[in-house]
Each structure stands twice: as structure tokens, then as C-alpha cells.
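**Q** We have chain A; now place chain B onto it with these hints.
From first to last, the protein sequence lines stand for chains A and B.
Going letter by letter, the first sequence gives residues 1 to 344 in the numbering used here.
Going letter by letter, the second sequence gives residues 1 to 344 in the numbering used here.
In case anyone wonders, no lab produced these hints; they're calculated from the structure.
Keep in mind that a hint or two might mislead.
Since the list can't tell identical chains apart, any single copy or any two copies may satisfy a pair.
[Stated by the list, open to error] Distance condition first, Cα-Cα at most 25 Å in a straight line; then the derived BS3-like pairs of lysine-lysine:
#1 Lys87 / Lys56
#2 Lys246 / Lys318
#3 Lys318 / Lys84
Number of protein chains: 2
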Amino acid sequence: MTAVGTKPHHARSLAEVLVEGDHRGHYSHGLNRMDMYVKDIKSGICAKDGEPVVEKESAATALVDGKNLLGPVVGNFCMKLAIKKAKEAGIGWVVAHGSNHYGIAGYYAMQALKENMIGMSFTNTSPLVVPTRGKECTLGTNPISMAAPANGGDSFVLDMATSAVALGKVELHERRGDSIPEGWGCDAQGKLSTDPKRVLQGGGLVPIGGSEATGGYKGYGLGMMVEVFCGILAGAQYSKHVRTWKVTDRVANLGQCFVAINPENFAPGFSDRMSDLLSIQRGLDPADPGCPVLAAGDPERIHMDECKKIGGISYHLKVVNYMNECAKSIGVSSLLPCDKLIPN
Amino acid sequence: MTAVGTKPHHARSLAEVLVEGDHRGHYSHGLNRMDMYVKDIKSGICAKDGEPVVEKESAATALVDGKNLLGPVVGNFCMKLAIKKAKEAGIGWVVAHGSNHYGIAGYYAMQALKENMIGMSFTNTSPLVVPTRGKECTLGTNPISMAAPANGGDSFVLDMATSAVALGKVELHERRGDSIPEGWGCDAQGKLSTDPKRVLQGGGLVPIGGSEATGGYKGYGLGMMVEVFCGILAGAQYSKHVRTWKVTDRVANLGQCFVAINPENFAPGFSDRMSDLLSIQRGLDPADPGCPVLAAGDPERIHMDECKKIGGISYHLKVVNYMNECAKSIGVSSLLPCDKLIPN
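So here's chain A without its partners, still in its complex pose:
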């Protein structure tokens, strides 16, 4: 990132969220997306200079102009502000326009955990999701993330696209030459398809819940809710007005929303109840003895434990090669040779 002109502290913000994405097992939101950020800075469509600015403010709210900086720069600025407001007013609700892709939404929500607060973050994205009954993409994967602290460093961390899956998962399947399960996406006629190419070219992702019969209209409604919190509330681009995915013909102007809630302003004993809530679910007798009941954030915890065990984050060889091509194209050194090969 610095090779294409990003300021070192902005590059560091991006590096941290991308590596955290991979570390948590969300490979679709990590180094896999590196070239997109490099291109955005290289072409000048994403700003290199300046810092985000507060445009309008009250004790509990703020509207921020992200000044077209890298998403993580805007995200860190806004989340810090939301937490500051929640300390004073019990809640901080901050929205930003003029932002860019910010990596995993959960990264910002989790920043509230260090302050023993509930954190939330939402972003709109390029149109990739087809509304129930439609055949055209008019909504992004518009994620909902929410983190809540329990005792002893434990936590609940929800971080989910409001589409059945994130686009990155379809892209990874295409890159690996695999088909996708039914219910992830549809073709250009609005019909469900298992071919990632059909979904990526002319089709689209479907909302969580799948078809109308299985409740896809709920996922569509949640995606719209996120758009209201982001593009609509912030006065950023929204819905089909957001630029096409990976086409950097114009400024992204994404809308994002960051919330911190201080449990101290409500009933005492919050983290004790959170720990009990998590224990209830984790302690359940599973339907299949081999598959324990988990809480949101547990799959990521399992992945991070695995990383600790093997001494690093494992990458698919195709992703390593892809990263090295990206490095070569801008004249920086390749990744170090793989020191461990893990069979599939």
C-alpha cells in the first residue's frame, strides 16, 4: 500500500483489518481483496491525504465525512467517536459518508469490547444482492455486526452479511473451480443457480432466507434496514447508485454506521448475564454429537486457536500465488516462501 502512495499509518490500519479478517477465518475479507485496495489508491479514486472530519454532532450522535479515505481509516475514526460518546451519553450513533470498503464489519464492533461496551457496525456495498421477486442487483451484501462483552474476555460477536453468503465466498469457489450450494445466488433471470460464474456474471447473491417461500424476504428487509442506517442516513450513495463491484470509474462514497452502547446505563450485571446466555447455548445437548452448539464468534475463536497451533495463518496456494502476482505488478517483494504445506 505504501508503494502506491498510501500514508504509513493509513496502510497500517488497512493491514490490521485485512489480517484480522484472515486470522478470524473470513478469508473472503482479507488478503484475498488486496488488489482492490491497491487499485483504488493507484488510480487515485480513493484519497491518500487528509483525515475524516465531523460535520454535525450532538452528545450522542455524529455525521462524519470520510473524505474518501480508505475504509478502515474512516471506520476507526468513527468507532472511536461512537465509544467516546457512549461513555458520556450512554450511546454513540455515528454515520459516515465518503467512505470506502472497510474489511470485516466485526472489526469495528469488537473495538467496543475493550471498553466493556456493546459495539455495532454496518456498511453498504456495491449492488450484489437481488431483492426477493427481482432479477437485478439493487442492494449490497450490507453486513450487520454486533459484539457484546461477557466475563473474562469472552464475548458474543455476530458478523454476518444479509445475503445468504458473502460475495467473497462465491469468488473463492470460482477461483478454486468449485460449484456453490443451492441457495447462495441466482442467475440473470432471478433463478437459483449452483454455478458461481452465472451468479457473478449477470446474476446475483440472494438474501438470507433464500427464496420467498423460505423467508428470503426477511433477509431482503434486513439488507434494506442496513441501507437505511448507511447510505440513507449518511447521505452517501445507496442501493443501485453505489458503483459497480470492482469498477473504480468513480468515487465509492459508501455509507457506514457505527454504534456503541454502554451497559452501565442500563441494568447492573450485564456481563454476568452475557456469560450465562453464552453458557446456556454452548452447554446444549447437540442434535449431532459431533457438532457442538456454538455462539456467534466461536467459529472465529476456533480458527484463531488453529492459527496459534500451527504458528500462523494458513493460505490456499492459489491465494498465495495471486498475492505474489499482485506484489510483482507493483514492484514489491513477494511473500516469503511457504514454510509449511497443509494438505487439503
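**A** This is chain B only, laid out in the frame that chain A set:
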């Protein structure tokens, strides 16, 4: 309700939300549930006297003790308070413990529309939903509702259970002797079932998204998020600690959450963008020409138009008979004889 001792203004609050449920086509949350409220007051397990009390307060937040009053009494009190706070502080986030079933969540969210604000409401409920991978109900149907104003009285109104369907829909199918679609609920072993009896007796509803493979873990996560906003934040009952559905052996002590957000504190032009967002979706070319693309709140609008056309709310004969039995049991007059019969 007054026949069993409810104060007239509390009975009116309940009547309004139940009739509004039916009017909007959510028959599972209307008169269909009348006997539950009657029983709660009759047995004394739900309080008849007093009003809700603010326990803790800041400019943007409040913790309310619902004093075990009827849910709509607590809900109206809290939503009014959230709107008042949003006028002054940009946002109002109010949670209540000591509440009871409050009807459709959207009823409270929609109160913000009159003030040109975004409204939200959440409630926990008796354990009816089986977490992904489990076979025991440890979460309620925990609805998410969110209403946002557009121009000329138009609006976006999301009002959805975080289960694939609301329990009332399964109950109505059982009452009518119909089977349910696959993906609504599971049996006592955690396996999907189309028999409403199996779901209602020993089984449970499944989260939105269905099985783990189709993303049910997202619905499970959303149900947990609602529980954090309600039982956990408010210090009410939560998860499997909430009393069993329709068993009034002890006080419900439900947790509920009410939010109002003032768009004036963010970017100008909110309602214009809302109208455009709604137009984009509604104007889409549908996959099936007979099924237009809708926005959340439109199916309810269609139902209310239908009511207007026929001059009232239509009820299934079985529901009318059931209501009359309920009336008879407490010695009040039956519903007026049906003046119109609409064939199935």
C-alpha cells in the same frame, strides 16, 4: 379485558395493538391471542394497577420497570420516551424489564413515523426457537422491527421474527388442520418436520435461514442479538429462563427495547432518499410478471387496502368461533354475527 379487571385505558392500549395486528394481516398476533391476555389478568400473574416507572435515565437512554403491566402499556410508555429523547439528543434507546407480551413489534416502531423519525423495537419471548445444531428451545422468536419515514406518508416497515416464521403461524396451521412447509420448525430430535403438532409439542421453530447449510446460524445470531438488547441489557428474564409459552405459573418479566433516531441529526434529505430507495425496489422488473417486487410494509398495506374495500377485517370462521368461546367463558357478549362470508 375490563370484564376481568383491566383498567379501561390499559384495555384500550391492548385492543389497539391487537386489532392493528389483524388489520395489517398478522393474524397470529391479533385476536387469535386474546385468551392469553385474559388469562394473564384473570390469574393475577399480570398486574392490573400502576404505571411503568423510569429507573435510570440519561439524555439519550433509559431503563424502565414495566411493573408487570400489560405489554402494550409498557411499550407505549417506552416508545414515547424514546421519541422524546430522540427529539432532544438525536437518539433515544430505552429498555424495559418487567414487561409482558406486547403484540406486533412494528406497532411501536411505527410510532416514530409520525415524528418523521426512524423507530425500532425488539422483544424477547418464551423459548420457542432451537439454536442451530441444538434440539432444545432456548430462544424466543425475538422479533426485529424497524420503521423509516419516506415522503407523503409512505414508509419502510420491517417487522419480522428472527425465527423462520412466528409461532402463531404454526398454531394457525394446527388449528386449521394443515401441514406446514419444510423449514419452519423441527421435532424433538432437532430434525425439520412438516407436522405442526411435532413442532409445537417437544420440537421448536428454527431460526431464519433454516438449516446450518442454508445459513440458519445467521438467524440464530440475530435472535441472540435481540436477546442482548432485551433480557440481557434490561436485566429481565432471558433465554430458557423465560417462562414456558402459555404457562402462566409465574410473572413473565420480559425484556423489551425501543429506539427512536432523529434523521435531522444526520444528513439532510432523509425522506427524499427513502422515497427513492423504495421506488428503486418497487420499480424493478420482477422475475415472475405476476409477482411485483415489494418493500417491507407493502404486504401489510395491500392487506389494509383489502380491509378498506370489504369494509372491515375478515376472520377465519374457526377464529370467530374460538373468540366466542373465549367471550362465553368470562360471561361477556359474543362477536356480532358475521355480516359477510368470504369463500376460501
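**Q** All the hints need checking, so say for each whether the structure fits it.
**A** Do the hints match the structure? See the list:
| no. | hint | in the structure |
| --- | --- | --- |
| 1 | Lys87 / Lys56 | both (19 Å within a copy, 15 Å between copies) |
| 2 | Lys246 / Lys318 | within (20 Å within a copy, 56 Å between copies) |
| 3 | Lys318 / Lys84 | neither (42 Å within a copy, 56 Å between copies) |
Of the numbered hints listed earlier, the single one contradicted by the structure is hint 3.
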